[in-house]
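If you read the sequence shown in numbering that gives the first Met the number 0, its first letter stands for residue 0, the second for the next number, and so on.
By construction, these hints were calculated from the structure, which means they are not laboratory data. Take the hints with a grain of salt, since some may be wrong.
The calculated label-pair distances, taken between Cβ atoms and stated as ranges, are [to be verified]:
no.: 1; residue 1: E12; residue 2: S78; range: 29 to 35 Å
no.: 2; residue 1: L14; residue 2: S74; range: 19 to 25 Å
no.: 3; residue 1: P16; residue 2: S74; range: 30 to 36 Å
no.: 4; residue 1: P16; residue 2: S77; range: 34 to 40 Å
no.: 5; residue 1: G13; residue 2: R61; range: 25 to 31 Å
no.: 6; residue 1: E53; residue 2: S25; range: 16 to 22 Å
From a predicted model like this one, the values you see are computed outputs, not experimental measurements. Note that the Cβ used here is the ideal one computed from N, Cα and C, for glycine as well.
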Amino acid sequence: MLWELFARRAPFEGLHPHTLIYLVVSRHLRPDISDSETQDLSATDGSLLELMKECWSSEVARRPAAFSIVNKLRSTLSSQNVGNDSCIAENV
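Required output: the full structure, derived from the provided sequences and hints.
Structural data, given as structure tokens:
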């Protein structure tokens with residue numbers, strides 16, 4: 000979902016669902032993070048990029064737990080001085 004928020008589109012548009020499942024499971028296909036659409040990720044000192052990579056790990060044990068993801072998102076948003084009333088971190 001993080002990739003979709005930054006890219007503002009769904010990954011792998013146009014691929015048949017069965018093809019997508021095969022490519023993700025067997026070929027470890029992941030969304031392209033070098034797109035100009037995801038350049039906003041660089042504004043987060045790489046922490047969101049690293050979090051995405053952790054979540055995409057093919058090894059289940061290496062993927063962060065949900066509470067860990069929430070904590071990392073809160074930390075990243077806090078360090079970016081996101082301080083308006085509609086801050087996502089305050090409503091998670």
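(message) Are any of the numbered hints broken by this structure? If so, which, sorted upward?
(response) Hint 2 contradicted; others consistent.
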